[in-house]
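Chains as they are written, first to last, in our numbering: chain A, 20 to 650; chain B, 20 to 650; chain C, 642 to 958; chain D, 642 to 958.
Derived from the structure by calculation, the hints contain no laboratory data.
Errors might be hidden in some of the hints.
With beta-carbon atoms standing in for the labels, derived distance ranges [unchecked claim]:
1. G800(D) to Q488(A): 43 to 51 Å
2. R514(B) to V126(A): 53 to 61 Å
3. P860(D) to Q488(A): 35 to 43 Å
4. R146(B) to D449(A): 37 to 45 Å
5. R688(C) to G49(B): 30 to 38 Å
6. D460(A) to P461(B): 53 to 61 Å
7. R791(C) to D460(A): 41 to 49 Å
8. G800(D) to E223(A): 28 to 36 Å
9. E526(B) to D738(D): 39 to 47 Å
10. K212(B) to H657(D): 53 to 61 Å
11. P860(D) to T957(C): 53 to 61 Å
Computed from a predicted structure; not experimentally measured.
For each residue, glycine too, the CB sits at the ideal point set by N, CA and C.
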Amino acid sequence: MKEAGATPASDVVVPVDVKQHIVEFVSDSGEGAQTVGQIFGAVSAKMGNGAWTVEIIPAEVEPPRRSRAGASGNRIRIGRSEIRNAGDAADLVVAFNEQVLYSRIDVGALREGTIILLESKWATDPRQSVRQEFAAALEDFEQRKYQVYQLPLEAETLKLISDPRRGKNMWALGVVCAIYGRDIEKIRGELAKKFARKGEALIESNMALVRAGHSWAEENLPLRFQVISEPREKPMIVVNGNQAVALGAMAAGIEVCSMYPITPATSVSHYLAAALPRVGGFVHQAEDEISAIGFAIGCSYAGKTPMTVTSGPGMALKTEFLALAVMAEVPLVIVNVQRGGPSTGLPTRVEQGDLLSALFGEPGDAPKIVMAPSTHEECFDFMVTARKLAETFRTPVIVLTDANFATGQQPIPRPVVTEDWLAPPFDQSDWVDGVAPYDWDPVTGLSARPIPGQLGGKYVLTGLAHDEQSHVAYESETNQRGMEARSKKLATLQRSLKPPTVHGEQEGELLVVGWGSTRGAIEEAVDRLREEGHKVSSVFLRFLSPMEPGLRQIFARFRKVMTVEINYSDDLEAAHTNEDSRRYAQLAWLLRAQTLVDVDCWSRVPGIPLAPGVIERELRHRLELYAQTER
Amino acid sequence: MKEAGATPASDVVVPVDVKQHIVEFVSDSGEGAQTVGQIFGAVSAKMGNGAWTVEIIPAEVEPPRRSRAGASGNRIRIGRSEIRNAGDAADLVVAFNEQVLYSRIDVGALREGTIILLESKWATDPRQSVRQEFAAALEDFEQRKYQVYQLPLEAETLKLISDPRRGKNMWALGVVCAIYGRDIEKIRGELAKKFARKGEALIESNMALVRAGHSWAEENLPLRFQVISEPREKPMIVVNGNQAVALGAMAAGIEVCSMYPITPATSVSHYLAAALPRVGGFVHQAEDEISAIGFAIGCSYAGKTPMTVTSGPGMALKTEFLALAVMAEVPLVIVNVQRGGPSTGLPTRVEQGDLLSALFGEPGDAPKIVMAPSTHEECFDFMVTARKLAETFRTPVIVLTDANFATGQQPIPRPVVTEDWLAPPFDQSDWVDGVAPYDWDPVTGLSARPIPGQLGGKYVLTGLAHDEQSHVAYESETNQRGMEARSKKLATLQRSLKPPTVHGEQEGELLVVGWGSTRGAIEEAVDRLREEGHKVSSVFLRFLSPMEPGLRQIFARFRKVMTVEINYSDDLEAAHTNEDSRRYAQLAWLLRAQTLVDVDCWSRVPGIPLAPGVIERELRHRLELYAQTER
Amino acid sequence: MYGLKQDWALEPRLRHFVIEDYQGLTARWCPGCGDHSVLGAVQRLCRDLQLAPEKTVVVSGIGCSSRFPHYMNTYGFHGLHGRAMPVACGVRARRPDLNIFTVTGDGDCCAIGTAHWIHAVRYNMKMTVLLLDNNIYGLTKMQTSPTTGRGQFSNTHPGGAPLSPLNPLSVMLGITNCSFVAQTVDWNPGHLMATLRKAFDHDGFAFVRIRQRCPHYMPKVWDELIKDPSKLLLLQHPEGIPTDDAVERVLSNRVEHDPTDYLRAHELAARDDVVPVGLIYKNPNAERYDLYAQKGLEMSPEERVAAINRELDRFTV
Amino acid sequence: MYGLKQDWALEPRLRHFVIEDYQGLTARWCPGCGDHSVLGAVQRLCRDLQLAPEKTVVVSGIGCSSRFPHYMNTYGFHGLHGRAMPVACGVRARRPDLNIFTVTGDGDCCAIGTAHWIHAVRYNMKMTVLLLDNNIYGLTKMQTSPTTGRGQFSNTHPGGAPLSPLNPLSVMLGITNCSFVAQTVDWNPGHLMATLRKAFDHDGFAFVRIRQRCPHYMPKVWDELIKDPSKLLLLQHPEGIPTDDAVERVLSNRVEHDPTDYLRAHELAARDDVVPVGLIYKNPNAERYDLYAQKGLEMSPEERVAAINRELDRFTV
Ligand SMILES: Cc1ncc(C[n+]2csc(CCOP(=O)(O)OP(=O)(O)O)c2C)c(N)n1
Ligand SMILES: Cc1ncc(C[n+]2csc(CCOP(=O)(O)OP(=O)(O)O)c2C)c(N)n1
Ligand code: SF4
Ligand code: SF4
Ligand SMILES: [Mg+2]
Ligand SMILES: [Mg+2]
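If we strip away everything but chain A, and leave its shape as in the complex, we get:
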């Protein structure tokens, strides 16, 4: 253990050059570790580093202090080039007490050698129990081979302000900025954004703390890391997935977000509630999720462009209306920010468990478009695409994101919004005489839809089986024809899609298939194995319904195909199942049925994102296993 304060650093510490580094700030809830973590991420992005910032959130609203349950903060992974996942173990952790640090240890966020900057004041706490806990922890940390530096966090903060809980985060930020050579004047800009309304004085007092931390670290800490960055040419925005979705929604011309609060989807509407009125729309908070989608469907029927956003339990409630939207062909974008299921499950945690229910959740045949962005950029872009597809294919479109996206922040190129994205679905000129409201094209299944107000377009939308005139019809042939038309639309879209791009070699031993927010981690794992010479590639599906074409051909070029997903499957090696009963991961299930390829899977439900190192280990294990069983 190093006693940081007591070890004057040599004047010139030569920075260690690193490709990427993972930094965490953890504190009790309310001590502001989240704020400074975000600022650190934003400043790094501004300087041109790749960055991924993810929140550490306690399960309770006001958890007890100095408790594992109360850990609150941020993990920031920065790198020379783009960073697309939260990485493996942390390289450096700033902890405001040893208990919150334990919550990170519990989830495996640390490794041997991790540098810990730990508030030192607990050693002299008036409560004996606290002193003991702290001493025991220090001993334990030494055994775990962490590099601990004690920080006089509160003591130094108190030199500048009277309530250290309102400032030690800034001082700590200063320390970390010194370690990573961050430009602290860039912090000013971030603080100005944050405290715009609260006035210059607050910004200044915070900057003073940052500077103080910075100077202290320069004098007392022998730690310097350099993550080379190149200033960007194009403007970037730093957003989490929910913000990207919200911005994408506005750019898509969506003017109504009809929702009911649910974690982790709510923050999409929090931002939209503030922003939509500024761009000419509003958020409707309905009395429940059923009403939320019903209201959105009403909007869409009336020619306006709505969305609804929710998570697992809310999706369940929307099932009936979703089927109506499919049956009556009402365009609608539904965003499902997936969380841990089933039932209330793990409300704040990540899972990819809603794929099969998105495809097959509704009684009866309800073909619809299902998309899953796999990057932050796609979170934005897919909203625009989804709205376009919804209108063109006259159908609901489900966009599946997840809690990993919701809380993970990343710099992405600033999108250029164009006016035609906003265009209303239709003008109100007269409906073409004699064209039926469901004039299903015999090849594509597509039809144009009339909007109330359009002369000559009058029709009565119904969820009953209906003919081209939207008249209720009980005839066998009519029912078959309507079903066929709706099914054809998916085939039509599928014909317009390109096969997905394989990441890595086009053929080899193992192909890893994924979808959604795991992309960054899976590709990083695959790249590590490739560097070692393994013939592993990966491919990501962004369209799940219809599925992108050409999969069988791609799969055929690999000896073995498997998916990696964050949802439940019976393990390949589990004793309780056999080939007859094994329950596969959700994408694997789809791929098996569609391609008849023996697609294996490795999936887990840890409630946290899959780290690249974890995936790497499992892929390595699979490679060995396949080698044993198949050669």
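Given the coordinates of chain A, work out where chains B, C and D with the ligands should sit on it, guided by the hints.
The following block gives chains B, C and D with the ligands in isolation, referenced to the frame of chain A:
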């Protein structure tokens, strides 16, 4: 055309011996064709014939008279041995006017040569339009090669009573009884059951009409058919599928049916509403389907045995609570009487469209037991099994029946109810000390559950991720463990199941796989082809989740495997799809994913049961197709 | 598939509408069903007010009564059981130009639709709402509805309904922002028309409970009420539903009632010896959520793109 | 897994319960959260009445307030958001022997749970219902609830809530069979206890709306009410909530109110200048659906088998 009344029959008409015959009664709604159809079926059953009776129901409550939309009645198929589906075209139809007959012609219920007994009075109707319609129809019928006999239905009835609308059905019944040599004294018993409360006089006046019709036919109609019957040894009950479900529910010890009305499920609860109070229970009509299942879950949590019953749109609304029941392991029997979907769809019509949503409808992983009875007897038996499995496996069990069962009536052996079927799930002796409320067995995933009132069993049920103590738990391992335990239960049940029995040869060219109410028709079609020497067999799955074991082995013995289902799939020969995009029928999809066998399918959504002849034709076509493409 | 014109403004057209312009498919209700009279009344109302059919939307749920839109020759939305309200509110949200009628049944509104009904009353968005209350589930063949009388036989309560009926009027009066509650009967065309007219003119959520005959399943219940007009209590007031001689001749049991008198409204609504017909309650000061929802409707595409860019500025590093 | 004993009768045991017998996991609400006081009061009530913990079930939905069951050492059901009522009614249906508490929040009860709430009031099954009304969605981090004040900032209405709050008391008074409606505040332990006690003793659905502090998200709203006790109007009546000196000392603003006076109850419920605390309304004659539901509970297995055989007879040919 034969002018029946005008053609005195020879004294002794020799009856034509037939293996089976299909008779229909059709009238305007309210004219009682349904009543007499049911009586004819019951009497035939009583005499020892196999019988299947199915209602013909108009879509509206009080449709206009003499309209195709208004056709109301019954089809009765009787046979020497057991009859397990409604058959192909009718052999003999009694029609109260020619318009309702057209509605039967429209759905393909008639064939060349079908005998029609048609009310003659329209020829002399005061309205010219009616006379014209009637005349035109007679001409048309001749062209269609039907054998038409005119009946003085109203004229003869008027000889006995003043309002013919309240009696001509009975007279017609007498006619048909004469044709088929039915014992008209047996009718008395049926009438007595029906009119028990209304008094002897009504029964007598109806019997008089039956006798009059009988005599008239003996004198005037040259038609006699003989369907040989053997008096049964064991007592039989005549029930439709919904009644069988309701009786099974009571026999299973279910004391609460918590429901919200929805066609075609409601009749289960109509009967239970009358019967349950007699056997010590009650029907709860909730304010909606969500509340209905919530109430049932509350009952079950409190140690009582409830069920809920619904159809498509109601199932959609139950999605969220169903996931809770899976997550918190609450035993519950859910009956889904499937109807045409998606959305409101075809409320009165048959479909098998809810299989995938039953398995995968809930966001997150929600393994549960899904069963589908394939005969009327199973409709009864599976309720008893379902309740037992629900308790033993501590899980919801979905029983999928459909509108075909709901309205099809059949004689089945009278079940012998035993007391242990009724036993409450638990006594209230103390909970074993130290046993957790979710003491998941590491091999089977099973655990016993405490019931409020049990000393020492206190726990707080939750839909959040939880540990063995039912404490909310956010840890990765706990979440994984809970999921695994719930998944293991399916594997455990699967290990206890036997492979399904193949109908026909154990190997061959084509294996047809089916589920649910199509069994009778599929096996009849298969048998016809087998008689012609085709190597076709069939197999029925009654467990859909988990699936019965040994399927791969069975499939391997056939050159080609396909499913026949009443739900939507892209046709094998449809131009709009290809192997990449074809959307398969629901069971086919499951089988492909699980077995990786290239399971083909033929499925349709006509809203009416698949007739054996239709299936036979399609199988024949498939045999040709396979022969072309594969040899 | 994307349009060109941004606004929904309609060029003025010189058109005159006759009753047939509002008639859609032939109504398939039972003979004598009260829904027929309501349909006729709504069609006459449209004609009298010369509502452009293409600017008129009839939203409904599922039930006999909810087949209403098919029989109108306007735009219609025959949605899900119990869910007419959210759809109608959604249609209204960004379309102040449309005439909206919402048609619902006693099961549709007061059972499965309860939550949406309560909250729609509170949102108070401008529309005319017709509750066709026949005290039974008609379409599904005679199950108890929340408004079914206690002891009444039904298929789900063969021993008689165990609870006294819910009173939709009393329920609504307890909801903040409730702005217009009227009651009428389908078999008094004069009063029905006058009530619909008043409701249509109301600036907010105008709720009319129409006692509707179901001769098919509940002949007795309705016969009694129809045969004895003294069972109806006609509410009169200058602010209320205007009544003419024809109406007053039949409805001799009358009382003055100021519809802004909240407690009196409660008292009247709760009466079960008579059926009060007329305007039970009106609150002209209730807040309107549709006015809130329509904000920003006038923004041009350029303004919107500029505004979105300002949003992106917030995230730009 | 099937049991042997048919009846649920418990042999009498001689046991004495202390407060710790009702304490479950450590409550994880924010410091100062009103839920803590309600939890304490319910635990004291159980102790005072010596309720057998294993015969007591606490049912809830989802929300901060709905974590309640975990902190009790009884049976509990922490179900779905908005769906506490149907579950609690189901528990009651065939178990007259259990003590049932239902705990819900203002979002849980008055937004997503509206339909079940309205109908549970109508069913009037015996249970004690606690609405922990903090005027906000707590668990999901500060969104508008139906009872949020107009203009109040929230994360879904950063410009202020657009509508005046729903009044749960007024809503319930409009429901047929409503039998017990009381209001109290979490920060007056004496009145809270007295109210819970009265509610528990009520034979039917006893609904208590508890104004509950959420210092985390709504410190101002609650501070104002707490600091000025004259904002509370204490209702007093021999039939009402008994009040002692301690309560009366704090609550000096008092009025007599006969809880069986329906119109007066409406008038009081609707007041927004003060918060009436006490028993707003009581109807001892309301019908009870649980009595209907319990029919046949006493039948023996032999009787049931015989009855089922009689049913089979009906179908036998
Ligand atoms: C989710 C759902 N549940 C149930 C039904 C079946 N259903 C159709 S209409 C209806 C009730 C109709 O009663 P009401 O609303 O009073 O209308 P009425 O037919 O009497 O006019 C029911 C239960 C359905 N279509 N959807
Ligand atoms: C179906 C569903 N929708 C939304 C949510 C998210 N959610 C959980 S609690 C809650 C609201 C909590 O507010 P309230 O009922 O007032 O309880 P409080 O937290 O204030 O005590 C919401 C919207 C959910 N769990 N389930
Ligand atoms: S059943 Fe009743 S409500 Fe339905 S159409 Fe017939 S009369 Fe009207
Ligand atoms: S957020 Fe509010 S309601 Fe929730 S625990 Fe904290 S103070 Fe209580
Ligand atoms: Mg009705
Ligand atoms: Mg709340």
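Comparing the hints with the structure gives:
Against the hinted window of 43 to 51 Å, the Cβ-Cβ separation of G800(D) and Q488(A) comes to about 44 Å, which satisfies the hint. Our hint of 53 to 61 Å for R514(B) and V126(A) is violated, since their Cβ atoms are close to 35 Å apart. For the pair P860(D) and Q488(A), the beta carbons lie near 59 Å from each other, so the given range of 35 to 43 Å is not met. Between R146(B) and D449(A) the C-beta distance comes to about 43 Å, which sits within the given range of 37 to 45 Å.
Between R688(C) and G49(B) the beta carbon distance is about 35 Å. The supplied range of 30 to 38 Å therefore holds. For the pair D460(A) and P461(B), the supplied restraint of 53 to 61 Å holds, since their beta-carbon distance comes to about 57 Å. For the hinted restraint 41 to 49 Å between R791(C) and D460(A), the CB-CB distance of approximately 55 Å leaves it violated. Range check, G800(D) to E223(A): Cβ separation about 30 Å, and the 28 to 36 Å hint holds.
Between E526(B) and D738(D) the beta carbons are some 60 Å apart, a value that contradicts the proposed interval 39 to 47 Å. The hinted window of 53 to 61 Å between K212(B) and H657(D) holds, with their beta carbons roughly 60 Å apart. Look at P860(D) against T957(C): about 34 Å separates their beta carbons, and that is not inside 53 to 61 Å.
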